[in-house]
Structure formats: C-alpha cells, structure tokens
Amino acid sequence: MYSLSIQNQKFSDDYITLTQFEAMYQQELETWLITQGFCQANEVKHVKFRILISLKSSFSLTECYQSSLIWKSIPIIAKRECGKIKKLMEKNFGLSELAFQELAVQLQGGDERLFEQIFLRHSKDCIAYLMKNYGASHEDAYDATMETLLSFHKGIKAAKINYGNLRFLFTKMASQVYIKWIKRENLKNPIQEMDLVEDPKAFDQETLQLLAQAWAGLCQDCAGLLQKFYYENISLKEIALKLNKSPEAIRKQKQRCVEKLKSYFLRIS
Amino acid sequence: MKKISDYLDNKLSPDAAEEFTKRIVNAQVDQSKKADWQQKLASQYHITRTPKKNNLRITLFQWRNVAAIFLVVAMAVVFYFNQPLSAESQAMAYLMEQKSESKGDVNRGNEEAAAPKLYGQAYRAYEAADYEGARTTFLALVAENPTASSAHYYLGLSQLYLKDYSQAISTLQKVKSLPTTDQALQEQANWFLGLAYTLSGQNELARQTLKEIIAAEDWRAEEAAEILSKL
Chain A
1 MYSLSIQNQK
11 FSDDYITLTQ
21 FEAMYQQELE
31 TWLITQGFCQ
41 ANEVKHVKFR
51 ILISLKSSFS
61 LTECYQSSLI
71 WKSIPIIAKR
81 ECGKIKKLME
91 KNFGLSELAF
101 QELAVQLQGG
111 DERLFEQIFL
121 RHSKDCIAYL
131 MKNYGASHED
141 AYDATMETLL
151 SFHKGIKAAK
161 INYGNLRFLF
171 TKMASQVYIK
181 WIKRENLKNP
191 IQEMDLVEDP
201 KAFDQETLQL
211 LAQAWAGLCQ
221 DCAGLLQKFY
231 YENISLKEIA
241 LKLNKSPEAI
251 RKQKQRCVEK
261 LKSYFLRIS
Chain B
1001 MKKISDYLDN
1011 KLSPDAAEEF
1021 TKRIVNAQVD
1031 QSKKADWQQK
1041 LASQYHITRT
1051 PKKNNLRITL
1061 FQWRNVAAIF
1071 LVVAMAVVFY
1081 FNQPLSAESQ
1091 AMAYLMEQKS
1101 ESKGDVNRGN
1111 EEAAAPKLYG
1121 QAYRAYEAAD
1131 YEGARTTFLA
1141 LVAENPTASS
1151 AHYYLGLSQL
1161 YLKDYSQAIS
1171 TLQKVKSLPT
1181 TDQALQEQAN
1191 WFLGLAYTLS
1201 GQNELARQTL
1211 KEIIAAEDWR
1221 AEEAAEILSK
1231 L
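Line by line, the protein sequences are chains A and B.
Reading the first sequence from the start, the letters are residues 1 to 269 in the numbering used here.
Reading the second sequence from the start, the letters are residues 1001 to 1231 in the numbering used here.
Since the hints were made in silico from the structure, they are not lab data.
There's no promise every hint is true.
To be verified - Result set (EDC-like, lysine to aspartate or glutamate): computed pairs, CA atoms no more than 20 Å apart in a straight line:
#, chain 1, residue 1, chain 2, residue 2
1, B, 1034, A, 30
2, B, 1033, A, 221
3, A, 79, A, 30
All chains should be modelled from the sequences, with the hints used to inform the complete structure.
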C-alpha cells in the first residue's frame, strides 16, 4: 500500500471542500507523486492536473469532506491516471504531452535533436510496417518514411500536428505517401503518352542535384539567411533584429543571395 | 523545367519569382535535411536505403524451401538404396567385394618354382592392385608356360578388374579348359567367368555359367543364384 501522508492525523479530522483541498495540498500531492514513483519531476504537474480533474468528477466542489477521505481516493486515481498516461505515451513514441510540447518548442527554435532522437528511432518500425502490410520494397518504404519524417517535422513545427496518437499518425502518413506513389506508378505504366498531373511543387532529381550544387556555392551567411526567411518563415525584421542589422540591409543582402543562387544555378545547368 | 528557365532568365513577375525562390530554397533545405537524416539513420541505427544483404538470415519461406529440398533428397536416397540392384550392378558389387577380400591373400599354386622371380613380381603387382603390371607379367608367364592355371587365373582376374571383359572371358575359359588338380581354382574361375559374362552383357552365357555353379553347389552358389534371379 502507498505510504500516503493521508494517514497523518493532521488531515483526518479536517472537513474541507475540494476547492480548499486543491489550494491547501497541491505541493503535498506533488511531493507524494514523486516519492511514490508515480512520475518524474518534470511530469508531476501534468499528472497532478489529471488527478485533480478526476477528483472533481468524484467530489462536489462545494460540499465538505473529511480531508482523509479525499486523500484515500488519491492513490487509486493516481494509479489509474498514470496507467492512462503510460498508455498514451506508448502511442506517442514515449513522449508525454508535456514532452511533446517541449519538442515542438525546440523545433520552432531550430533545435532538432529531440525530434531526431524520437522520430529517427521509429523509422525502422515504419519501414518494416510498410514492407509487411503493403509489400513495399525496402527502398520504397525507406523513401516513404523519409518523406513522412519531413512532413512530421514541418507539421510539428507549424503546430499542425498535435499530441494524441503520434505513432499511428506517423505510420498512417507513411502508408498514404507510399500508396500515393504506387497509384502514380500504376497510372504511369499503362499509358505512357498520357500527360500526367505531377505534383507541381516537386522538382525532378536532376534539378534537385543542380540545386544542391548551386546551394553549395553559397556562403554560410547567405544559406542561413535564405533558409531562415524562406524555409523557417522568419521575417526580415526579426532576422535583422537578431543579427543587429537594419531590415533594409538584410533585405538587400537577401536579394544578393538570391541572385548568387540563380547565377550559380545558371552556370552549372 | 520551363519555369526554372523562366526563373533563371528573369522572365517571371517579381511575385512569381519570389514564390519560386521560396520553392527552390524549401526543396533544397528538405533535401539537405533528408541527407542529414539518412546519414544519422545509417550511423546510429544502421538503416540504409539499400539494405545490406544478410546471407545468414534465412526467412521462413527459405526455410520451407530448404526443408522441401531436404525431403526430396532424402526420399531419393531412400528410394535409391531400397531399389533392387540390377544383375550387372550386383555382379560388380561382388567383384569389388572379392577385390577387397583377396588383397594380400593370393593363392600362388605350385607353378612358382619355374620362374620364381617373375611370379613374385606378378603376385606383388596383383596384391598391390597394380592390375596393369600384373596383366603384363602374367601374360609373360602364360606365354612361357601355357598350361600354368594359376597364372591364367590371375591374368583373367587382372583383365576383369581392368574391365577388359572379352579378354577376361577368354582367359578364364582357358583356366576351365586346363588340366588341373586344383578344383577350387576351377570353381573360382567359373564364378568370375559368370561375373565377366554378366558385366559384359552376355546374359545367356552368364545364365548358363551361373546355373552350372548353382547346380554343382560350387563356390559362390548363393551369390550366383542372386545374380541369376536378376538376369
């Protein structure tokens, strides 16, 4: 049994409302959750929040209860809530909701380490899933997984992907990417002459290679500036502020960088 | 590609050019991100786009194939060994059996005194399974002594082991026709003659000879009956 401080006599005789309980014993509850091994320190607020919600569904907010009675219900609720959280974390690559929010913040700030740590690890499972369930070749499964990684990266960064069942969502997205390719291939093969509607935003491999070569010719400042502005959607004003330059100077610099990229592209193509 | 050339030739409107720049920058950053992740997948998780073939990893399907092949081979082996031997194969089996049994166990007869050195050489060659050498020396001996039954007998066996069946038959017939007091030698010569007929495909003569052996209950009569039943 949990060695809860509920057994302490000082609580047992108090008659309080749930609102009072919440105000009085929040810190006590947090400490108890950690010492009883229900959660890590960084998760405790989230677990406590869920326990309090659960308590509110069991007790009236205005009615008075013996505080020991409320405390006695907590271990059961904590166990149930932690079980739910654990299950939810399993569905989300081991991330709690809070950890996912932190990951999103990190990504938005340009720190990709946690994203890579979590999602690259899942690639193997995703490749295996596509091969097993869709008969995809290893190469196709790999490419579809890569494409999905990119979509997830952008989706989380843009707050378009929310916590819930990330594992399912990732695998589903990868499946859709693969099916889309297959459909396109099936369409291509029987009627070669047909003018297929390709993804208008996709560049062919040859163009991408030329682009990579041209990009490699850019200096670090230029590449960084173009990436920030066009890819990360950071305004020129914000960039200027970070670089301690005027927005006008940055705008001109950006224009020069674009011209450089174009000239390199033109030279090699 | 048309749009790229328009873009590079500054033929697009400023807005379209700006939009296109965004596209190419995004494509490039996506590309480099993928390349970076590919590298990390390979180095940290050993996942590459083209998987390394692991020859040791055998799938269930491959195991099934291996099991099926093994079963077919096993059945073929069982079938082969349970299959009754042909008369020819049986004769060859007996001849080989004799070959291993007779090594170092040559019955020299009583002709040796005439040319002890040459006989010694011939028997040594025969014992050493040097049937070419034995044949040459025994031929010399029978030329010297045309009635030497032992020399003819071993010459016939040497020819038989050399698969020179027609010569072996002729020599063994000679042994049978030679006057000798060695009954055992005659019986043995007849048995090998029967084998020589069988091995050379002269089935009628083989039957006849084998029947003689069986009727007289000679040496190897049981084996003769077995070959005869297959002829």
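Notebook entry, point to check: Going back to the hint list, which numbers does this structure go against?
Noted result: Number 1 only.
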